[in-house]
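> Residue strings, one per chain:
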Amino acid sequence: MPSNRPITPSTLSVRDLPWQIVWDKDKCTLCGQCTAICPVHALELGVFRKRTVALPLGIIGAPPENHTQLFYGIRQKTDPAFACVGCAMCTMVCPNGAISPHRSDDMDKLVFHRDRGGLPRSRGGRRNTPGTVLDQIKFIRISMLTDPALDAGRHEFEIRTLLGRVLPPEDNLKFIRQNGWIPPVREIYPLMIGGMSFGALSPNMWEGLQMGVVYLNEELGMPVRISTGEGGCPPRLLRSRFLKYVILQIASGYFGWDEIIHAIPDMKEDPCAIEIKYGQGAKPGDGGLLMWYKVNRLIAAIRGVPAGVSLPSPPTHQTQYSIEESVAKMIQSMSMAWGFRVPVYPKISGTSTAMAVLNNLTRNPYAGGLGIDGEDGGTGAAYNISMNHMGHPIASNIRDAYLGLVTAGMENEIPLIAGGGIGKSGNLAANAAALIMLGASGIQVGKYIMQATAGCVGAESDRCNICNIGQCPKGITSQDPRLYRRLDPELVAQRLVDVFLSFDMELRKIIAPLGRSTSLPIGMSDALGVSDYHIAERLKINYVV
Amino acid sequence: MCRLFAITSEEPLSPMVAFKALDVMREGHDGSGVGLFLRDLGGPFEEMKDAPILSGIFTENGLKRLDTFMMNLGFMTKYKLPIKVSRTPPAGIPKRDIYLVRAYEYPEEWDGLSQQELYSRLVSVRLQLRKMGEAEHDMMVFSFWPDVIMIKEIGEPLKVAQHLKLDRKDLKARVIMAQGRQNTNYAINLYACHPFFLEGFSTMTNGENTAFIPIKDYLQSRGVPGYTGYQSDSEVFTHILHYSQMRLGLGIEAYKHIITPLQDKEIAVHPNAALLQSLKQSCRRLIIDGPNCVIGSLPDHSLFMVQDRKKLRPGVVGGRPGKYAFSSEICGLDAAIPDRDKSLDFQPMHTDTAIVGPNRQEVTTCRQTAPLPLPR
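If you read the sequences in order, they're chains A and F. So the first sequence is numbered by numbering that gives the first Met the number 0: it starts at 0 and just counts up by one. So the second sequence is numbered by numbering that gives the first Met the number 0: it starts at 0 and just counts up by one.
Okay, chain A solo, but in the shape it has when bound:
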């Protein structure tokens, strides 16, 4: 580049980008696979010219000679629109290991130039801050001598939780005697797969997860449930016996619900539950978002919309103006649609107003639980600002909600379902167990499932995170058959089974030494300790150093 080349404000050097591609000319075979696979077209053919000056040896008066060589390779684009996302697919496909992206050791300057056209950055993934408070919590009540510790491998365990409104024992017995209405309650596995829509996920990913869930239920006897997210449900699944493993989500865009309502007469089984999404931890106060790249004919048909348009759900349910109305009307209409046989519960994003919502639910006999999705939740598409800066951490939100229920004497009646960044650092069972002992009845995970079952490379170091544009290099969040055929649904299912089995063993390894096996240790806060005094005070758990 000439030194007097004109520059624009957004002219960056490779050094200014968050990811820099290191390429080894000597190893490169010029096969071109890296440029072909790069989801963001960050690589282009590089034609390099190299001049060498040859000085004649020993011949006086002979002039030096110029030799010009050409060689070929790759060049990293510096246009912000094509900045490398660090997914390292180039490394994966390179036959010679000649190329890999490296994270810059300097603060990137791209951050200042990602708003081309006045549109702030949107992306997929999670809040870009690694680690959570949950990672710091340890389980300190180990049964020693005063009572024999249980054996995670040999004793009988019943790791189950309840989803749905549980009546107080007095009422329950009374209603049995009087043949009254007893709200539907599902006994399910406490780790649930959180809402990732058909549309956000590729058909292969969805199929793989559904197959895995069915295998867990029918072959292994683990009642694992999966939420559809807001995108409807494929018609064949709606009419299959596998619907009982599925939690149908309805959100503010009501996508897919025309199809669902019309399928009710044909349903062989009731769904596990209905989740009414009012908020999402990844983007509190914002609605769902499926960007136009991913709205192909199939997705459009299932959602009942035209193809090729972005599908932003409104931040709120437009038909309702108040919490009373949301809770009373929506829960009741949903309950009525299935003859009051299906639990219905709202899911909100973590917020300082969660207690108001909860208090309202305690007075509604049809509310089957409350899902709270913390700030660390993941998503297929959201504005970066919502993801990184909006939301409430899950730990104190769940704790406050649980203690609120304890004060009201309703801790067994309304299950709390916690979500948002659980297993963010890989500690899925430890994070889940901590939340259960803080008061959650169940745990929802999404991102961890993508990472563990399909090899999602996204990370809190702002790696990849391009779920929104349908270019997922692993085929997880893409609607392009050329991409999603990379993902074998059978293998996703198999990985899902691995994940749940290993989670189950890890959870036993946590709760058995605490002396618990026959009921989930919900609210067993005496088992928790943390070495940060303020966290301990806030969560009302033990301060240990």
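Simulated from the structure, these hints should not be mistaken for laboratory data.
Pairs of lysine-lysine residues, derived as DSS-like cross-links and limited to a Cα-Cα distance of at most 27 Å, are as follows:
no., chain 1, residue 1, chain 2, residue 2
1, F, Lys-264, A, Lys-267
2, F, Lys-309, A, Lys-508
3, F, Lys-63, F, Lys-164
4, F, Lys-168, F, Lys-79
5, A, Lys-243, F, Lys-264
6, F, Lys-48, F, Lys-83
7, F, Lys-264, A, Lys-173
8, F, Lys-164, F, Lys-94
9, F, Lys-63, F, Lys-77
10, F, Lys-309, F, Lys-341
11, A, Lys-539, F, Lys-130
12, F, Lys-48, F, Lys-79
13, F, Lys-63, F, Lys-94
14, F, Lys-19, F, Lys-341
15, F, Lys-130, F, Lys-79
16, F, Lys-264, A, Lys-508
17, F, Lys-83, F, Lys-164
18, A, Lys-243, A, Lys-267
19, A, Lys-508, F, Lys-310
20, F, Lys-19, F, Lys-164
21, F, Lys-48, F, Lys-164
Given the coordinates of chain A, work out where chain F should sit on it, guided by the hints.
Just chain F now, with coordinates in the frame of chain A:
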């Protein structure tokens, strides 16, 4: 380890039978304390079955405050068991001013109250006294109930009995429960000493209750005034028993279905499947998860024993018609009722409830897999 002993007999017995049984089991407990529960009393208390008896430990000042308080309420002393102790207690037993066992006449204005109201007032008086005592550390009140005496103290059980001179003619009972070893999981506190008593129900436990905190949280929010204290993780067993019978109207056969419900696959084939599933769900916060043997006494003078779901604690019941004992170890049973048919000794397993009813003629067992008598 704790060691438990309970006996029910047609003839009133001296509590020494229980202390001796605890003593032969002393290898199994550390002798750091003892709790004693007597009911269906003989001796002078035989004649005053309806009079509430206050049991506790008082300082001189505490006794004065007690008298003022009770007189203001209109209670009159009807009878008191004089317990005189030597000025210097043996090593390991703290010095106390007064061990009180005193029967009262009800206040006149309580005449005509329903039994339910009467009982709830008795609980309220006991709780007020306990609160007063905790404020000034001058009184500890273990029970205030008709036909029930409770004595608790720190120290080697047999030494405590000798120090309090409990081997006496005027202290006899047909139902006796005793526990050796002070609770060591939480601070040494006599309120943490088994057996525990609430409104006619009493239990004592061997083993730690690992689900204590969630169970305690749940009980405390039931709105029952007596569900308080919880110096010991074992106190919840008494309150769950009370809750299941008084609030839910269930019989003793259902107790185990609440604290250690069957697994789903067993419930599915149970004749009362729907009821048990509902009970398991709605009483989920009352599921105990620890290794526990619970021995308890019911208002109708039945004694019972249940084990935890994994049957990790020892416990045996045996005897002959007219006299049956529940013991942590067989040697305790041998000490109390040597002349029994040992081949009929029964060790309840993980789904059993062993009951000796008020007539004391046999040990009945009910298994959780058997049909459940329907709620009253």
